[in-house]
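Number of protein chains: 2
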Amino acid sequence: MSHHPIEPVPAHEPPYYAAVFTSIWTDDDGEGNGYGETAERMEELVQDIPGYLGMDQAHTPGGLSITVGYFRDADALKEWRDNVEHRAAQQRGRAEWYERYTLHVAKVERSQGFKRERD
Amino acid sequence: MSHHPIEPVPAHEPPYYAAVFTSIWTDDDGEGNGYGETAERMEELVQDIPGYLGMDQAHTPGGLSITVGYFRDADALKEWRDNVEHRAAQQRGRAEWYERYTLHVAKVERSQGFKRERD
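So the protein sequences, as listed, match chains X and B.
Residue 295 in this note's numbering sits at position 52 of the first sequence, and the numbers go up by one each step.
Residue 322 in this note's numbering sits at position 79 of the second sequence, and the numbers go up by one each step.
These are computed hints drawn from the structure, not numbers from a lab.
Please note: incorrect hints may appear among the correct ones.
A pair holds if it fits inside one copy or across any two, identical chains being indistinguishable in the list.
[What the hints assert, rightly or not] Here are the computed lysine to aspartate or glutamate pairs in the EDC-like style, where the Cα-Cα straight-line distance is at most 20 Å: (1) Lys358 with Glu322; (2) Lys350 with Asp318; (3) Lys358 with Glu256; (4) Lys350 with Asp316; (5) Lys350 with Glu280; (6) Lys350 with Glu256; (7) Lys358 with Glu280.
Isolated chain X (complex conformation):
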């Protein structure tokens, strides 16, 4: 369902914003209910937001799903929040796809990365 390469979004220079979205799906495999297509479309669409820095996603089968979107500043985040197609997807999410969710919008104050050295 995801086209992201398997590597986490790197640490950027603070400050920047992280939007942490944690959810439980009504239909865990998400097949046939349009979720997958919409998620792909949103991943495409968010790339066009100036100040979009990247996205991390993980989903435990049968369990929790976490998506973290990173944005340079509050304006970028607001532009994504106000996007018409994104708003329609959020509404459909509440109507169909999500059993529950939490959104935490946070300003990153500190970040660090690690990459294993290989011979």
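With chain X held as given, fit chain B onto it using these hints.
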């Protein structure tokens, strides 16, 4: 590996902190390398930190793992960061368990939750 019930940590009253830890493991199933035991121990230990609000975790098999820890304030976060056993686990993580990781420490400015209504 996890003892958390399948529900996301609820929205708390801002401000609070979210520590977003995204990682790729060297050994994806994590069996037999001590990762699982250490992760369980850390989940136990963090409960004792005053101001600890909860933790969300998701892991895509063969892919990304995301852990988000929530803390009431910077002091709570610092106490967890400085915990001796936690520091030893972090060191072992860099030596053995993680291919790469990123940590984003962020102050939550806004949060919201959704729960599906059932008849």
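Structure-based check of each hint:
1. Lys358 with Glu322: Neither way: Lys358 and Glu322 sit 32 Å apart in one copy and 25 Å across, limit 20 Å.
2. Lys350 with Asp318: Classified as both; 12 Å inside a copy, 17 Å across copies.
3. Lys358 with Glu256: Classified as within; 17 Å inside a copy, 35 Å across copies.
4. Lys350 with Asp316: So Lys350 and Asp316 pass the 20 Å test inside a copy (9 Å) and across (14 Å) alike.
5. Lys350 with Glu280: Classified as neither; 30 Å inside a copy, 32 Å across copies.
6. Lys350 with Glu256: Both: 12 Å inside a copy, 15 Å across copies.
7. Lys358 with Glu280: The answer is neither: 32 Å in one copy and 23 Å across copies each exceed 20 Å.
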